[in-house]
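When you get a sec, could you build the whole thing from the sequences and use the hints?
Chain by chain, the residues run as shown.
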Amino acid sequence: MLSFVAQRVVKGVIVLLAIVVLNFFLIRLAPGDPAMVMAGEAGATDQVFVKQLREKFGLDKPLPEQLFIYVKGVVTLDLGFSFRQQAPVAKLIGERLPATLLLTLTAFAISLALGVLFGTFAARFAGTFLDTAITVFALIFYAMPIFWVALMGILLFSVTMDWLPSFGYETVGANLTGPAHALDVAKHLIMPAMTLGLFFMATYTRMTRASMLEVKRLDFVKTARAKGLSDAVIQRRHVLRNALLPVVTLAGVHSGTLIGGAVITETVFAWPGIGRLMYDALLQRDYNLLLGVFVICSAMVLIFNLITDLVYRLVDPRIEFAS
Amino acid sequence: MKQFWKSMLKSPSGVIGLVILLLAISVAVFGPMLFPNSPWRMVQRPFLPPFTLSTVPLGTDALGRDVFAGMIFGARVSLLVGLVSTLVALIVGVPIGAMAGYFGGKVDDALMRFTEFFQTIPSFALAIVLVAILQPSIYSIVASIAIVSWPPVARLVRGEVLSLRTREYVQAAVVTGQSNSWIILREILPNALSPVIVLASLMVATAILLESSLSFLGLGDPNLISWGYMVGAGRTVIRQAWWITVFPGVAILISVLGLNLIGEGLNDALNPRLSREGR
Amino acid sequence: MTAPATVAIKNLRIALPKSAERPYAVDGISLDLRAGKIVCVVGESGSGKSMCAHALMGLLPDTVDVTAGEIMFEGRDLLKLDDDGWRDLRGRRLAMIFQEPMTALNPLMRIGDQMAEMFEAHGLLTPRERRARALALAREVGLPDPERIVRAYPHQLSGGQRQRAMIAMALALEPAVLVADEPTTALDVTTQAQILKLIRNLQRNRNMAVMFITHDFGVVADIADQVVVLRHGKVVEEGPAATVFSAPQHDYTKALLAAVPSMDPPARAPLDDRARAVEVIGLDKTYVTSGGWFREDRRVDAARAVNFSILKGETLGLVGESGSGKSSVARLVMRLIEADRGTVRIGETDLTSLSGKALRAERHRIQMIFQDPFASLNPRRKIGHIIADGPIAAGVDTKVAFDRARDLLKMVGLDAGALERYPHEFSGGQRQRIGIARALALEPEIIVADEAVSALDVSVQAQVLRLLEDLKARLGLSMLFITHDLRVAAQICDRIAVMQRGAIVELTPTAQLFAAPEHAYTRELLAAVPGRKEQAPAA
Chain A
1 MLSFVAQRVV
11 KGVIVLLAIV
21 VLNFFLIRLA
31 PGDPAMVMAG
41 EAGATDQVFV
51 KQLREKFGLD
61 KPLPEQLFIY
71 VKGVVTLDLG
81 FSFRQQAPVA
91 KLIGERLPAT
101 LLLTLTAFAI
111 SLALGVLFGT
121 FAARFAGTFL
131 DTAITVFALI
141 FYAMPIFWVA
151 LMGILLFSVT
161 MDWLPSFGYE
171 TVGANLTGPA
181 HALDVAKHLI
191 MPAMTLGLFF
201 MATYTRMTRA
211 SMLEVKRLDF
221 VKTARAKGLS
231 DAVIQRRHVL
241 RNALLPVVTL
251 AGVHSGTLIG
261 GAVITETVFA
271 WPGIGRLMYD
281 ALLQRDYNLL
291 LGVFVICSAM
301 VLIFNLITDL
311 VYRLVDPRIE
321 FAS
Chain B
1 MKQFWKSMLK
11 SPSGVIGLVI
21 LLLAISVAVF
31 GPMLFPNSPW
41 RMVQRPFLPP
51 FTLSTVPLGT
61 DALGRDVFAG
71 MIFGARVSLL
81 VGLVSTLVAL
91 IVGVPIGAMA
101 GYFGGKVDDA
111 LMRFTEFFQT
121 IPSFALAIVL
131 VAILQPSIYS
141 IVASIAIVSW
151 PPVARLVRGE
161 VLSLRTREYV
171 QAAVVTGQSN
181 SWIILREILP
191 NALSPVIVLA
201 SLMVATAILL
211 ESSLSFLGLG
221 DPNLISWGYM
231 VGAGRTVIRQ
241 AWWITVFPGV
251 AILISVLGLN
261 LIGEGLNDAL
271 NPRLSREGR
Chain C
1 MTAPATVAIK
11 NLRIALPKSA
21 ERPYAVDGIS
31 LDLRAGKIVC
41 VVGESGSGKS
51 MCAHALMGLL
61 PDTVDVTAGE
71 IMFEGRDLLK
81 LDDDGWRDLR
91 GRRLAMIFQE
101 PMTALNPLMR
111 IGDQMAEMFE
121 AHGLLTPRER
131 RARALALARE
141 VGLPDPERIV
151 RAYPHQLSGG
161 QRQRAMIAMA
171 LALEPAVLVA
181 DEPTTALDVT
191 TQAQILKLIR
201 NLQRNRNMAV
211 MFITHDFGVV
221 ADIADQVVVL
231 RHGKVVEEGP
241 AATVFSAPQH
251 DYTKALLAAV
261 PSMDPPARAP
271 LDDRARAVEV
281 IGLDKTYVTS
291 GGWFREDRRV
301 DAARAVNFSI
311 LKGETLGLVG
321 ESGSGKSSVA
331 RLVMRLIEAD
341 RGTVRIGETD
351 LTSLSGKALR
361 AERHRIQMIF
371 QDPFASLNPR
381 RKIGHIIADG
391 PIAAGVDTKV
401 AFDRARDLLK
411 MVGLDAGALE
421 RYPHEFSGGQ
431 RQRIGIARAL
441 ALEPEIIVAD
451 EAVSALDVSV
461 QAQVLRLLED
471 LKARLGLSML
481 FITHDLRVAA
491 QICDRIAVMQ
501 RGAIVELTPT
511 AQLFAAPEHA
521 YTRELLAAVP
531 GRKEQAPAA
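Chains as they are written, first to last, in full-length UniProt numbering: chain A, 1 to 323; chain B, 1 to 279; chain C, 1 to 539.
If you are wondering where the hints come from, they were derived from the structure by calculation, not from laboratory data. For glycine and all other residues, C-beta sits at the position ideal for the given N, C-alpha and C. Any given hint could turn out to be false.
Pair ranges (Cβ atoms, derived) [stated by the list, open to error]: (1) C:T126 to A:D219: 25 to 33 Å; (2) A:P246 to B:F30: 38 to 46 Å; (3) C:R298 to A:D60: 49 to 57 Å; (4) C:W86 to B:Q3: 35 to 43 Å; (5) C:D264 to A:R236: 53 to 61 Å; (6) A:S3 to C:P17: 49 to 57 Å; (7) A:L156 to B:F30: 28 to 36 Å; (8) C:P17 to B:Q3: 17 to 25 Å; (9) C:S427 to A:R236: 36 to 44 Å; (10) C:L359 to A:T128: 53 to 61 Å; (11) A:R8 to B:L63: 47 to 55 Å; (12) A:T128 to B:Q3: 26 to 34 Å; (13) B:L23 to A:D46: 47 to 55 Å.
Here it is, written out as structure tokens:
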């Protein structure tokens, strides 16, 4: 198990380095002088700042050397400076990361729990009205763009009903502390997390349902019935456990989509995470910040993938021996 | 082929999906002919609510532009981007997957490392970065959607080819002296096609969602109106004018739903689960 | 005979869904199971034998319906039971073992836990006692190192061990009836022999009534007290095993028995002073599975210093159990996989030294017939193309190639109309004939037949074997015949090579191999062939 983790971590670091190199070339792909590009629209007019950038990244040196300087910078967690925000990129991201983690992990937990639950129900009552209803809802949620769900949520729960706050992480100026603060944050979290979770919930519902119906037809389920086990035990112990394996795989595959969805969700709800930061960078054409956020997003996906792989190994005894 | 249409028309999701798709395509193709007015032009007072004037059935936006006209022109962009980027992704992904699966060994290793690399990068974030750096235009949008969506194609095709390669009829083609390209094109790919077709229909749906999300963030082609752009533009005025965001969103929802349903119908028609057990 | 029946099945009729080929899977079957007796239900694929077994367990698929009949057990009609009633009986009074022990076990649960479930299902014992009983059961069915096995997962066991675990599970609650659905079909002969012995012993010790489903008359001969022959869902013959074998009444039974190849090899003319068609020298092939960065690589020897030659007009048999490397050798000879070392010579040509175009140009000289009639034909190509593609690739004119394809179809006993049809329109036996036609289309000197008749029902198997023999003689072909079935090998081979773990342990003329096997492994294989004591009467 340990060797597996080591192996995967090394692989992940290699991928991350490759992404950094990709970044380096992306900057040079953009029309115009890389220094100007990195400075962003606002900074490009400031000659002093552009000159600093040129020196820092050795932009008058040959390309391989530039690459080396750039990669070295990223490896030492120096992601550059955002002229627009007047702060180092790493610091900006560091401040925003917890909010994003809170949002994505909550959304992930909700979607997985509800998705598996609904999927199990649908499979259990396959062909009945309940199954059809769940399937149709899952199909619809699966087809809704996240930004639209967010806006419809605001329209319904903030504008019309006035139940939930429509933006932000906490009530501005309330200066709450302790449990009151936590409650306030939770209230702000509900809509963004549900919005982000809805699509994934639909995905997991569909996957769980399909997978359970598939597993139900396998021989060992017949064996379980031949033992005289009760239906509930068969469903839980034999069908569900096996059916969850592809769901775990899917969760890993979808981690990138989850981050992408967070960018949109945070943008609409003004949630102060790195997704919102990315949008701000986009608006201000602050490329250095944009690419910094991109690298961090990639790292998060890699870590999430590693975790799902580990979970898969824990659930499926066949992997360790068959590798 | 006849058999295929028969089973496709038997599955309710397939039929509903086909109807929706045909409708969307005809709107995209013929709609703009019926609405020669540019969707960018001011036609009425701003914030005209829907269902008040028959000439502007879905109301106007903050600049007095016709929401209905925008939706009709937007259909063109959404479908075009969806179809073309999927096509490009297939053109990239199928050969890569086929070569990796067929030749195996080092070729497979190299191609799959490359594919996995692209698959680990968060796709939407990469698309944002690519479009932002290349400057938003219909070409950069299609290119970046294609770049983030080919890896699943390559992996699927590779998996199929890998399992087909050991099939006895492929080995029979080898021992009867057929060339590699003949075997890949005649024996393997035709039999790997069904899951690729199913995936492609789902990819068009995903591409439409991606395009609308990019446009929503202001990364759409500035010269073309699209559903995502309309929702994005209406976002700030949602408290005054709900219709500007609601209707284009419904259009996205319905087209994506239609394509997903087609995917399900195709899956039922092309991969009948019982065919294997029937023997 | 007069002892009361433990289970009495009367006039059972099971309806198939409307789209099926025939209305009833099982059409008015009656049979009795008695304590201490094994009833073998025999039939070819589609005879309805498996449906019978599932009906007795209440495990029929949802797509079929029992429309008539009754199954009496301990004074009750099982067909009238509700779900709870079934649940109570299953496992406790009625138990079942299945054909494929790998898929019949839950891959995510430890063997011991799956055994313990048997007690749990019926609310018996404490968890601790259940574990102890599981261990005892593992020991009873002869699983090696039972302490380790109960903690293992199914994939860590061999096929035979898995089937033993299944049996242990089935016997846990001392059921009155055991239903065994082709329990040894997926196993090698030597393992099959052990499992059959185990079932026989346990059944005698516990005085169980056993319903044993099989397609293999050899197995029937070894294990049955009573035989029921099914065909198209109907009983065609029924009686004590000895009677059915010595004096079969129904024509179908007679035909089936006649189709079982005999263990007595027919006399064959010696094939001296002929030229060599194929020569295989020192073939080595090791499969290496990379264990990753931190684990040892896994190595499996598929071929170790394999040497043999086949004379012109000779059939060499290559026999062995699964994993012995016989199929790998076939593919090495065909150059479908590359050898680590060694030479394959066809006539004067060294096939192993060629590659690319030069190799393709020589391939027509040695052709292959494959095992699975359903996987060996491209489902999307018409039969005409399947046969003519090879010659066309070799430069034969298209029209000539199709004319020849027509002749070949006639030669293998199919009509020319087949040219325009797709593979799915043909039965397994017909497909295998098409595969033979494809191989012959290139006018080869040598045919490699890889388990070419193993997937076929016995009656079809006999026909295809006859066809192969006939064509071989007419066209003067040499043949490498790969099989796991010693009976088939006895009938068709001039010489036989026995393979074990990638090496040939014995290579002698067929008659000599059966009369006086030299190697211990050969003797073990011969002893394990089911139904040795009962020789099928000559038809």
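These are the hints, each one checked on the structure:
1. C:T126 to A:D219: 25 to 33 Å: With a Cβ separation near 30 Å, T126 of chain C and D219 of chain A satisfy 25 to 33 Å, so the hint holds.
2. A:P246 to B:F30: 38 to 46 Å: Once the Cβ atoms are compared, 42 Å apart, the range 38 to 46 Å for F30 of chain B and P246 of chain A holds.
3. C:R298 to A:D60: 49 to 57 Å: For R298 of chain C and D60 of chain A the Cβ distance comes to about 54 Å; the hint holds.
4. C:W86 to B:Q3: 35 to 43 Å: With a Cβ separation near 39 Å, W86 of chain C and Q3 of chain B satisfy 35 to 43 Å, so the hint holds.
5. C:D264 to A:R236: 53 to 61 Å: holds (56 Å)
6. A:S3 to C:P17: 49 to 57 Å: For S3 of chain A and P17 of chain C the Cβ distance comes to about 52 Å; the hint holds.
7. A:L156 to B:F30: 28 to 36 Å: The hint (28 to 36 Å, Cβ to Cβ) holds, given that L156 of chain A and F30 of chain B are roughly 35 Å apart.
8. C:P17 to B:Q3: 17 to 25 Å: holds (19 Å)
9. C:S427 to A:R236: 36 to 44 Å: Taking Cβ atoms as reference, S427 of chain C and R236 of chain A lie about 43 Å apart, which means the hint holds.
10. C:L359 to A:T128: 53 to 61 Å: Since L359 of chain C and T128 of chain A have Cβ atoms about 59 Å apart, the given range 53 to 61 Å holds.
11. A:R8 to B:L63: 47 to 55 Å: Once the Cβ atoms are compared, 52 Å apart, the range 47 to 55 Å for L63 of chain B and R8 of chain A holds.
12. A:T128 to B:Q3: 26 to 34 Å: holds (30 Å)
13. B:L23 to A:D46: 47 to 55 Å: With a Cβ separation near 53 Å, L23 of chain B and D46 of chain A satisfy 47 to 55 Å, so the hint holds.
Of the numbered hints listed earlier, not one is contradicted by the structure.
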